[in-house]
Structures are given as C-alpha cells and as structure tokens.
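Fit chains B, C, D, E and F to the given chain A structure using the hints.
6 protein chains.
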Amino acid sequence: MKPTPTFPPDRTPLLAFGAHPDDIEFGCGGVVAGETQGGRAAHFVICSRGEAATHGTPAQRTAEAKRAAKLLGATVEFVDLGGDAHIEASIARTLKLAAIIRRVRPGFVLAPSVVENQHPDHIALGRMVRDAARLARYGGVKELKRLPLHAIGQLLFYAVTSEAEPAPLAKVLIDVSAPEVLAAWTAAMAAHASQTQARRYIELQLTRARLHGLRCGVGHAIALFPNDPLHFDSLEQLGGAARRF
Amino acid sequence: MKPTPTFPPDRTPLLAFGAHPDDIEFGCGGVVAGETQGGRAAHFVICSRGEAATHGTPAQRTAEAKRAAKLLGATVEFVDLGGDAHIEASIARTLKLAAIIRRVRPGFVLAPSVVENQHPDHIALGRMVRDAARLARYGGVKELKRLPLHAIGQLLFYAVTSEAEPAPLAKVLIDVSAPEVLAAWTAAMAAHASQTQARRYIELQLTRARLHGLRCGVGHAIALFPNDPLHFDSLEQLGGAARRF
Amino acid sequence: MKPTPTFPPDRTPLLAFGAHPDDIEFGCGGVVAGETQGGRAAHFVICSRGEAATHGTPAQRTAEAKRAAKLLGATVEFVDLGGDAHIEASIARTLKLAAIIRRVRPGFVLAPSVVENQHPDHIALGRMVRDAARLARYGGVKELKRLPLHAIGQLLFYAVTSEAEPAPLAKVLIDVSAPEVLAAWTAAMAAHASQTQARRYIELQLTRARLHGLRCGVGHAIALFPNDPLHFDSLEQLGGAARRF
Amino acid sequence: MKPTPTFPPDRTPLLAFGAHPDDIEFGCGGVVAGETQGGRAAHFVICSRGEAATHGTPAQRTAEAKRAAKLLGATVEFVDLGGDAHIEASIARTLKLAAIIRRVRPGFVLAPSVVENQHPDHIALGRMVRDAARLARYGGVKELKRLPLHAIGQLLFYAVTSEAEPAPLAKVLIDVSAPEVLAAWTAAMAAHASQTQARRYIELQLTRARLHGLRCGVGHAIALFPNDPLHFDSLEQLGGAARRF
Amino acid sequence: MKPTPTFPPDRTPLLAFGAHPDDIEFGCGGVVAGETQGGRAAHFVICSRGEAATHGTPAQRTAEAKRAAKLLGATVEFVDLGGDAHIEASIARTLKLAAIIRRVRPGFVLAPSVVENQHPDHIALGRMVRDAARLARYGGVKELKRLPLHAIGQLLFYAVTSEAEPAPLAKVLIDVSAPEVLAAWTAAMAAHASQTQARRYIELQLTRARLHGLRCGVGHAIALFPNDPLHFDSLEQLGGAARRF
Amino acid sequence: MKPTPTFPPDRTPLLAFGAHPDDIEFGCGGVVAGETQGGRAAHFVICSRGEAATHGTPAQRTAEAKRAAKLLGATVEFVDLGGDAHIEASIARTLKLAAIIRRVRPGFVLAPSVVENQHPDHIALGRMVRDAARLARYGGVKELKRLPLHAIGQLLFYAVTSEAEPAPLAKVLIDVSAPEVLAAWTAAMAAHASQTQARRYIELQLTRARLHGLRCGVGHAIALFPNDPLHFDSLEQLGGAARRF
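Residue numbers (the numbering used here), protein chains in the order written: chain A, 1 to 245; chain B, 1 to 245; chain C, 1 to 245; chain D, 1 to 245; chain E, 1 to 245; chain F, 1 to 245.
Isolated chain A, as found in the complex (with noise of 0.2 Å):
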C-alpha cells in the first residue's frame, strides 16, 4: 500500500491503448473524435503490428493506423509486446506500459475491457494497463525511477465487441452524435481498409453505438466502463440518466 499524488483530471491528454491496429478506432473511436474536436490532445500506443492477421501486411496495417489517428487529431506510437496473437501479461511489460503512463501524463486512460472470452491478447493488454496504471503512482519502482509519479485520473475500460462488454461493471454512455465526431470515426475506422473489407466491422460498431444511443434518446453513445466508482460534488454533476424507453 503506496500513496498517490493527487491530479486534477481537466486538460491533461487522453491516453489510449491498443493491442492491435484497429482497435481504438473500433472500440472507442467515436469518444476520442469527441475529445480531440473539444480541444483535448489524445495520444495512442499500439501494441502489435497486427502481423498474425488473415489479411493486411505489417506495413500496411502501420499505415492504416497512423491515417486514423490522423483522422482522429491523435498521435501515435508503437510498442513491442511480444506480437499480435503473443502478448502475455509480464510485469516487464507492465512497468514498459508504466513508463508510457508516466512519460504522457493522462488524465484519462482507455484500455480494452478485461472480459476473459475474447482475444487473448485484449485481455492481457487491459490488465497490463490496469496494474501500470498503479504501479506508476509508487515511489520506489527502480524501473520507473528516471521518471516523475504520475496518478491518472481515471482508466476506463472500452470493448471491441458486444461480448467484451463487462457485464457486473457500472457503464456510462458518451454521446459521439455531433455529425464532424460521426464523421471523424467512421473515416478513421474505414482507414483499416484491410480489415474491413473481410467482416462488417464498420457496421457492427455504428449499430452498437446507435443502439447505445436510441437508449438515452441521442443519434449515437459509445458505452464505457469505469474501473471504479465515479464520484462528484454534487447530483448536479450526474448528467443525464440514459432511458428513453
């Protein structure tokens, strides 16, 4: 049990992390569109080259996701975690992920959803940032030590599918309905070209927010999943309660 410096969440950059090429965009493109529009940087680190794919190149999906980030006003960067379809959960990844967290400073962090039935390398990703996340904020980490503590302010889970969605975990809906944030997210996820040509993967995302968005009565929502319990000032703060039905 370490303690933690506390940080104020307001203008730090957004922090996103993908095991694969395309699964920010898929996963939560429409929220950080929303993001980077509003004013806020948003950077991306991608942990594979998507090499064990059944279509695409290493090269090309690079470029595919370079031109999304693009397109979403995020820069981006790559990691080496062992390769698509071989990342393992490793404290010497952790603490590489850790020192990511504490290079970039962000306020809010995007990781994939932990839910076990789903692509082996997602999971092991998500608990890496979880546990990075953590380990960032504490003193004596000898690995960690040529850079300053660093306590997010919050990690918040996104899932590529339906199926990775936490089911026991509270969510919050993010509307992404204004038509440039659309827009931006469905160019940046039609940029993996190689990808959705073989699957309807545009369509699976866009019917998922739009059902997420007939919910709470707006065009459409992308669902998060808080790792903790959100806490406020006043009932002022709550938003709105997403029901239309």
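By construction, these hints were calculated from the structure, which means they are not laboratory data. The structure displayed is predicted, hence computed values, not measured ones. Be a bit skeptical, because a hint or two may be false.
Identical copies look the same in the list; a pair holds intra-copy or inter-copy alike.
[What the hints assert, rightly or not] DMTMM-like cross-link-like pairs, simulated, lysine to aspartate or glutamate; straight-line CA separation at most 20 Å:
#1 Lys142 - Glu51
#2 Lys66 - Glu51
#3 Lys96 - Glu143
#4 Lys145 - Glu51
#5 Lys70 - Glu180
#6 Lys96 - Asp228
#7 Lys171 - Asp228
#8 Lys66 - Asp80
#9 Lys171 - Glu236
#10 Lys96 - Asp80
#11 Lys145 - Glu77
#12 Lys171 - Glu116
#13 Lys70 - Glu163
#14 Lys96 - Glu77
#15 Lys66 - Glu77
#16 Lys70 - Glu165
#17 Lys66 - Glu236
#18 Lys96 - Glu163
Okay, now just chains B, C, D, E and F, sitting in the frame of chain A:
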C-alpha cells in the same frame, strides 16, 4: 411502451421519499444538505408516522421529521400508504406517488433501495417510486389525467444500512465533506432523538460515510445507486474516480 | 410438489402473452413469424387495450393488434387483468392465465421477461405466466378442474427493450433473417401506427436484431431467455455457437 | 429502523415453516432429525393441506404430515394462508406468522428459499417468514402487541429442489450422516406416501444430500442458506471446509 | 479482429482435452460414449501423465488412459505442457494446442472449465484451449502457417467436480441414460483403477449425473457449459426444458 | 484428481501470507491477535520488503514488520517471490509456498483476496497460496517430496481494502472487540510508521472494522472470506447472525 417528453434536469427540485420519519435523514441526509445549501429546492414525502416502532410516539416522530427536514432546508409532507410496517406495493398506491411526482415536477428523485433483505416497507416503497416515475410519463393513465405529464431527470436509490446497498448496480459517491453540510446532516439525524437513544444510528451513518470518503480522498461521502446508466457529452463531465488505496 | 405428465413439444401451438397491444410484436414478432411460416399454429393473449398510453385510443390499439397478429399468422384474444398500467400479480389472475394454458395446450410459451427495472405491467405479467405454467400441471387446483392438466414444453422470456434482457439467464438466439420472416415482422410492427409515430420502436427492434445477427453471422436474430436449462440427446442438436468476432 | 433485544440462540426451539405438508421433510428433514435427536425442541408450521395436489386428499396429507413430524420428533400446527396454490404474500399474513414467532420464541427459523423460479407458494412463504422475523422485533406493531417482542437467532433458508438453491448466498452444509438421523429423515419422507408414489422425491433428496456429503467427506449433508453473514468469536468455531476433491 | 471461415459442425470429429489421464472420463465420459456410439469420431489430448498424483505411476496412468479411451471409442495422444501440477498458461503452449485443433479439425471441442477454485492445471488448460480455438482461425500466426485455418463449431466446458461448474454460464444437459452409454462410461472410469481405489470418484460422477437426470426426467445426464450463446433456426431445435420438479 | 488425508483443524498453527510488510497487519491483524491471545501459534510469511514503496527503505520496512509480528504474537519469515511490484504467479513460486505449508502444517491459512482490481502483487500471491494449499496435498509432486503431505483445515481470504472484498463469496465476521485484541492490532499497524505517515491506513482499517462491528452488535469485527462452504455437525455451531439493523 409510451413516449416521454424530455426534461432538463438542472435547477428542478429534488424529491425524496422515505418509508419512516427518519429514513431520508439516515440514508442520504448529507446529499440533501449539499443540494439545498447549493440552492436547489428539496421536498420530502414521508410515508408513515413510525407508529410500529418500539420507541417514540407518532406525534413525536412527526415533530422530529419536521424539525429534521427544516435543518436540511427541505419542505415535507406526509402520505398514508397503510401505516408503518403495513406498506404493501399496489398500483393504487403507486399512482398516488406518481401524482406527487407530477405535482412536484422534480429533476432528481431519491428513494430507498429495492434490495430484498431489509425492512419490508423500504423495498415496497422503493419499487413503487420506481414504477411511479415511469407511470408519471404516460398520457393515458386516468387517475393522473388532471396533472400534466412529467419525466424525471434521474432516479437514485439510497441505502439506510450497508446491507441495503444494491451490489450489482453502479455506485456513485457524492462528497458531503463541507463542514456546514456535515453539520446540517448530523443535526438532522440527531433531531430523531426517539430513535437514536436506542441504537447507534448516527455513528453507523457517519462511519459508512467516512469509509466512502476515505475511498475517494475526501472527508465524508454518501453512496447513491442510479437506476439507469449515466450518459455524458464528454469525458470531462465524468468526475473523479473513487480510489485512493 | 406435484407430478407432471410428460408432453412432446413438437407440433403443439405456440402461445404468446403480451401486456400491451404491441409488446409481442416488438419483443419477439420475428420469432413468431418464423414459426407460423414453418407451419406451427400461434395464439396471442393480450392483457390490456393500451388505454394508459399517450397515443392511440383503446379501439385503435385493438384494431392495430388484430391486424398485426394477422400479419404474423396468429390468432388473438384479449383478457382483462385490471387494465393498462394496472396489472398487478395475484393468484386469481394467475389462475386465469393457467386456464388459458390448459385450453390452448401449447408446446412453447412466450412471455415478457421478469427483469424489475421496466414497465411494471411487463414484470407482473411475466411472473404470472411463469407461475401459471406451473399451476397448469397440478391436479387439485379447484378453479382449473374443468380443464385437463397440461405441462408446457418450454417457457421462453422475450425482452421488449435491451434493458429488459435478463443478464444472468442463458440466452439463445433465433435466426429471423429469411426475407419473408423479416418482412412479416416489420409489417406487424408498423401495424401499430399509433405508437411508432412517436418513438423509433421499429428502428430499436431492428437494430437489436441486427446486432444479434452480426454476432452469429446471419442477417437478423432475436434473443430469447429460457426459464430452465435446455437438455438434448446429443451434441448434434446444440445448434451453432453465436460468435463471429 | 427499530431496536432489537439480543437473544442467546443456544437451547431455544427450532421453528420450521412449510408451504405444503411435505416441504419441510423433503427440504431439511435431516437437519431437524439431527437437532431433535440432540435434544432441541422443534415445531412445524404447515401453511396448507396440499389441497391443490394431483395425488392425495387434504385429510390424507394432514395425516401424513402429522406422522412425519412425529418421526422427526417435532410438534406441528397448521395455519391457513389462503390454501395450496393460493398463498400470496401480504402484510396481514406476515403478521400472522410474526405472532407465531413471538409465541414459539425460536432460536433458529427454517423457511423455504426465496428463489423466484419455483412453486409460487414457496417464495411467498419464504418472503413472509423473512419479514415476519423482522417485524417480530418491533415494539409498536398493534396486531402483535399482546405478545412480547422476540428476536430470532438466525433465519436459514432450505431448498426443496436443487433449482431452489439461492446461488449468491453463502451456503453451509450440515452433516446428517448419523444412521439414526438418516433413518428418521427417510422414514419421515416415506410417510408422505401419497406424494412419493408419483415422483422420485426421496431419491432426489438423498441424491442431493449424498452429493453434498461427498463434497465434505461425510455420508450425507444438507445445504442451508443463512439470510445474514455468520459471526464468530474465533476461527476455531468456523467448522470445517467442505472440499474433498 | 480477424475473419473466420464458416464450418458446418455436423459429422466432424469431437476433440476433448484433459489435464490429467482421468479428467475427460470423470468430467464428460458419458457424453463421449454417446457420441461415439452414435457414429462420431472422438480424439483425446491428454496433457500430463499424472506424475504428481499420490497413487499410480506415470506408466500405469498412461495405460489406464489408453484403455479408458478405447472403452469410449476414442483415439488418444499425449502432449507435454510442463507436466502434472506444472501446467502454466503461455502463448507457446496455446499455439501447440491450436496446431492440434488445425490438425484434427473438430466440430465440438471439450475442455475443463475455467472456474478459478479448482486444480490449477485444469484452469490453465481450459483457458489455453479457449484461446487456441480462437487463434486457430487467424491466418497470420507464423507458428501455425503450415496447417490450414480451422474454425471449430463449438467450445463446451466440462466440470470434473461440482465445484468447477461455472455458475454464470448457460448450462445444457446431455442425456447419457442409454444402458450401453452408461456402461461404457462406468467402465472407462473404472479403468483408472489407481485413482478410484483412494476416493469415491465414480460414485461422485454418477451421483452428479443422476441428480441432473432427475431434473430433466431421464436416467442420467451430464452438464456442459457452452462458451458462447447457442443459436437456432427455429424453436423446434431447442430441445426440452430440464425441469421435472 | 488426487486423494487428501483428513486433518483435525483444532490447535494447529495459523499461517498468514502477506505480499508486503504491512498487508497482514492491515488486512487481518485483529484476527491474528485474537487467535494468539487465545493460545494458537501464528506464523507470518512476507513476500517482499516493500522496496517499491514511495516511503520507507527495505531495511526500515523489515524492521517494522518484525516488530508488528511480535506485537501480534507471531513468528515471521521473509520469502523472495521477485520483489515488491514484481510478484508474478508461477508454478515454481507456488511450489515454494506449498513447501512452506508442508513445513508449518497449519490448520487455518490466511491470504490476500483474489479480487482483480487491486495491487497486482496481492492477487498473484492470493492465487498462488490457494493453489499451493491444493498442491501440498498431492503425493507425487517431485519438488515437495522431501516433506510429508499436508492438507490444511481452511483457507480464508482477507481484504487489505474495502475494494478487495470478494463480493460473491460468503463472508464471515470475526469479533475483534476485546480491548487487548484491539490494542495489539492497533499497535501492530502503528509499527508500520513509514506507511502510516502518508495515508490514513489505520483509520481506514478501524473504520471498516467498526462498520462490521455495528452490523453484528459488537465493538469491532473483521470480515474473512472462506474459499469453500463451511460445514457443521449441528446448527448450534453456526454462531450468530450478523444483523442488528
């Protein structure tokens, strides 16, 4: 399935329902104090006079409840749902509560949680308020036709004891640490002198609030349980994450 | 604890219960269309005339329901359980439903799910159908003695909205992609013109069905929730697994 | 919220409630046999005469229940809650049960579990006993004033079938392997000859108890489900852990 | 996210994985017997020689496993994942299992459940099989490139003990009552003579299967736990509902 | 599946595992104090020197741990599992812990809970202790052959924070109100002066214990989470029910 007029939840009054004269104060008095001190109107609906209790006469309990509401800056009314220990859920009683919702036109509604293993009056009332909030939106209910439709902003459950906290629901923590908020809350609980002589209710509630406060790095906090997922326009509005250990 | 005559569930009729004139169509109309087009008889029991709704008169709603049932190839009857927004579970009403079950002698029974946080009529009806299916098997219930015992094959819950899907129950997905099935379902929903003018109900249901369809690699699918575990003679009968991503 | 007199749960009588004449025997007869053979008084409250059953007349069922209670060393009374298949939870009936609790003054109370998907009489009775145990503690309930307050030691739910076992509750296993306990239990079940002719109830219960017994390394054991967490003064009192495989 | 070739699950072989030489037999031997007697090929992959057990030498255990597989009509191979009590999940081992899946090209895959509180070898193997079934579908995994892609029909978990049954998953019950099926299963369990001398494993499994059988009105049944929701073309295919009490 | 020698859990030592030098004291120090003051031997195994913490040197932390153990009447040893913030579950490390269990031969074992969302060292250790307790029973594990088999009486998880309490498990509450027990516990926590200067750990733990105490009508109580259902010979042994409100 019937349509719902949208309603801006901003400076509308808060409406809290209690099964017994002291339930609102013990379950979420601090939240009410924070809201009224911040300028929101609050109204209490108390559904029995505590006539089944071991201690205190109905007259005493009524006087205590009035004094406690005043200390919290709330108006108060009493409604008869069969009497203390005799509250059974029924459509007729639910519509009585729906009529109050249409009259008061609240943004936020507070009601006891619907966890089964607690005082049967609490769960019967919690269920009726939940259903009343829905029926208040429908145009064709004949018993309600004299009053205009009303869609509440959000239904939040409170828990009178730890055992009544609804485990699978998303919890939000509301900071009640401001000295004047804490003082008003404590005074309102102490106003129920007939009850606090026999059991350590005040200590129970302050201990719960301190534990929640320690979790999110503030003095004291109260947990509420939204009936539906929250939705937001941007991450900025999410508030803080309640983890400090 | 009382014995149960066994009953082959093969070509027996399907019996669906709805609290309001449009619930069956919105919740599981596609499944009914598939069954009747495959040769099974279907019968609807509608338990109110929608008289509490904001839009549509009871006469209009009744006409819409009759037309929708016809489009789905089903016969229909109306039963009075207290009226729209006034359905309360009681033994007397449960036995009324049990008598219908004994008269119709269905293999499959469809009823609204018993998730608490939805229209109170839905949950009251869902619980009564579940209990009625049990009481229909018992020989000594005096109100039912004029009709022969009947044990249904299977009780399946449907959900009128996503929020009403019962998370902890096993979900099965029924393919409703055949063009003539989808067309009949859509037409039956559109027959409820008084309701669909005010809210996007048809889009909500087709979006839900498309999302389920994408999950199992078909056009559209509807989720049903068996009340009891399924049993089979061999693995062959298990059908497919609903995962394509 | 009302105070509770403390009550030593040591040699106080056991009070068991059953909805039908054979429920206590099938659900927890072995536990009762063990307690009465160890010197504790036991009393049964049977809430119908089984008049809705396919087999056996009310007179037969009453005689069977009396004989079975005798075999288990328990006294028995019958109480009318509306009749078999007609038990609905109500405050008036709950207070009738609370008055019995005040009269008998039990340490342990046994009641059917409140799992929804079982005979509706079971769940209605289980809920009423749970609430009755609470109301029996309150000083101001006018229908109960003629009898002194009583706080039970512990409420334990039993399950008449595997399906009625309440999954999320803490289970405790009670060893019923002593030959004379097992013999008394089996004889008490066999006393319900009108029921056991039609279904394999005795085999069902002995199979369940054998499976629980294999788990904790004894001959047979019965699972009970405490309504509240257990508390102890030291680890010594925790008993054994029920895992042998 | 990568595409999946569709695969008809009809007369493809069944592939079962076991961590120890007797796990398949004890956990789902009856299901295998039913399938092979119905004409389906079955293949066992056993991932240790039981060398950490208290009873039986590796040579004995291997001989027992071969004889048991023969009694169930299955072929068998052994694969080394580190040895008994030494199976740790890793990508390298997962890919070894994925290669077997590509070689055998099964419709149904059976693996130990991933419930945490059981022998650590079981959960490690269950997780690796689940992930291997996914990786077997991806075109770019270099360790697998020599073998053609394969998408299994369905992954079903079995439980070696009651404690390993995964509560939140949908359970299906497979009837194994046919005398020749039951005889083959019992003989296969008895073939593990080194194990059954010390603990009542056979009785445990037959007691579990009898209890499941009583629930669905057949002699004996085995519970399996599908990894994904089932999907069907019509209600007819749903099988029966497993409730007889 | 391997056999287990039975073991009487009565006056055998208590063995507690902690990932960091202060975890046992903060998580369950009061329970240990109660046991040692009642005559049971206790032994602590501490698996790091707290070298990743922001405050306190490894030497300081070691000295604090030794002093705290002494205050609780326990002996202590340190074992290296990779270091603070570097504990990863592995078979090799699990067997190291299993060897300690065989050497100490405890009745009760205490370990950190395996809830995912907490310090990664805690969950890694909790899982390894759970698996070690199982492997300690098996006769053929070559790394353990030099030590006689040992089956523990019971594994109980403790939670260092409220967030680490494992919701779905049965909770038992242990009374730690005796003044000398409370004093020893508080002193042992205060011995970790390097940690308590920075965060309100002692207040957190006493607040949690006071809340549990209020629930069961005693001064302070600590919640523990048994890994398996408890079993008893009679109801008498069940202890009290933890509800006073």
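These are the hints, each one checked on the structure:
1. Taking the shortest Cα distances, Lys142 and Glu51 sit within 20 Å of each other only across copies (9 Å), while inside one copy they are farther apart (33 Å).
2. With identical chains, the CA atoms of Lys66 and Glu51 are at most 20 Å apart within one copy only, with a shortest distance of 16 Å there and 40 Å across copies.
3. Taking the shortest alpha-carbon separations for Lys96 and Glu143, only the intra-copy value of 9 Å comes in at or below 20 Å, while the best inter-copy value is 26 Å.
4. In this homomeric assembly, Lys145 and Glu51 come within 20 Å of each other (Cα to Cα) only across copies, at 12 Å, whereas the closest approach inside a single copy is 33 Å.
5. Taking the shortest alpha-carbon separations for Lys70 and Glu180, only the intra-copy value of 14 Å comes in at or below 20 Å, while the best inter-copy value is 44 Å.
6. Within a single copy, Lys96 and Asp228 get their C-alpha atoms no closer than 23 Å, and across copies no closer than 34 Å, so neither meets the 20 Å cut-off.
7. Proximity of Lys171 and Asp228 under a CA criterion of 20 Å is satisfied in both settings, with 11 Å inside one chain copy and 9 Å between copies.
8. For the homomeric pair Lys66 and Asp80, the shortest alpha-carbon distance inside one copy (16 Å) is at most 20 Å, but the shortest distance between copies (42 Å) is not.
9. Within a single copy, Lys171 and Glu236 get their C-alpha atoms as close as 19 Å, and across copies as close as 16 Å, so both meet the 20 Å cut-off.
10. Only within a single protomer do Lys96 and Asp80 lie at most 20 Å apart by alpha-carbon distance; the minimum there is 10 Å, versus 23 Å between protomers.
11. For the identical chains of this complex, Lys145 and Glu77 are neighbours neither inside a copy (22 Å) nor across copies (29 Å), given an alpha-carbon limit of 20 Å.
12. In this assembly of identical chains, the alpha carbons of Lys171 and Glu116 lie at most 20 Å apart whether taken from the same copy (18 Å) or from different copies (18 Å).
13. In the homo-oligomer, the alpha carbons of Lys70 and Glu163 never lie at most 20 Å apart, since the shortest distance is 28 Å inside one protomer and 36 Å across protomers.
14. Taking the shortest Cα distances, Lys96 and Glu77 sit within 20 Å of each other inside one copy (13 Å), while across copies they are farther apart (31 Å).
15. Proximity of Lys66 to Glu77 under the C-alpha cut-off of 20 Å is restricted to the intra-copy arrangement: shortest distance 9 Å within a copy versus 46 Å between copies.
16. For the homomeric pair Lys70 and Glu165, neither the shortest alpha-carbon distance inside one copy (27 Å) nor that between copies (38 Å) is at most 20 Å.
17. Proximity of Lys66 and Glu236 under a CA criterion of 20 Å is satisfied in neither setting, with 39 Å inside one chain copy and 26 Å between copies.
18. In this homomeric assembly, Lys96 and Glu163 never come within 20 Å of each other (Cα to Cα): the closest approach is 28 Å inside a single copy and 26 Å across copies.
Going through the hint list in order, the structure does not satisfy hints 6, 11, 13, 16, 17 and 18.
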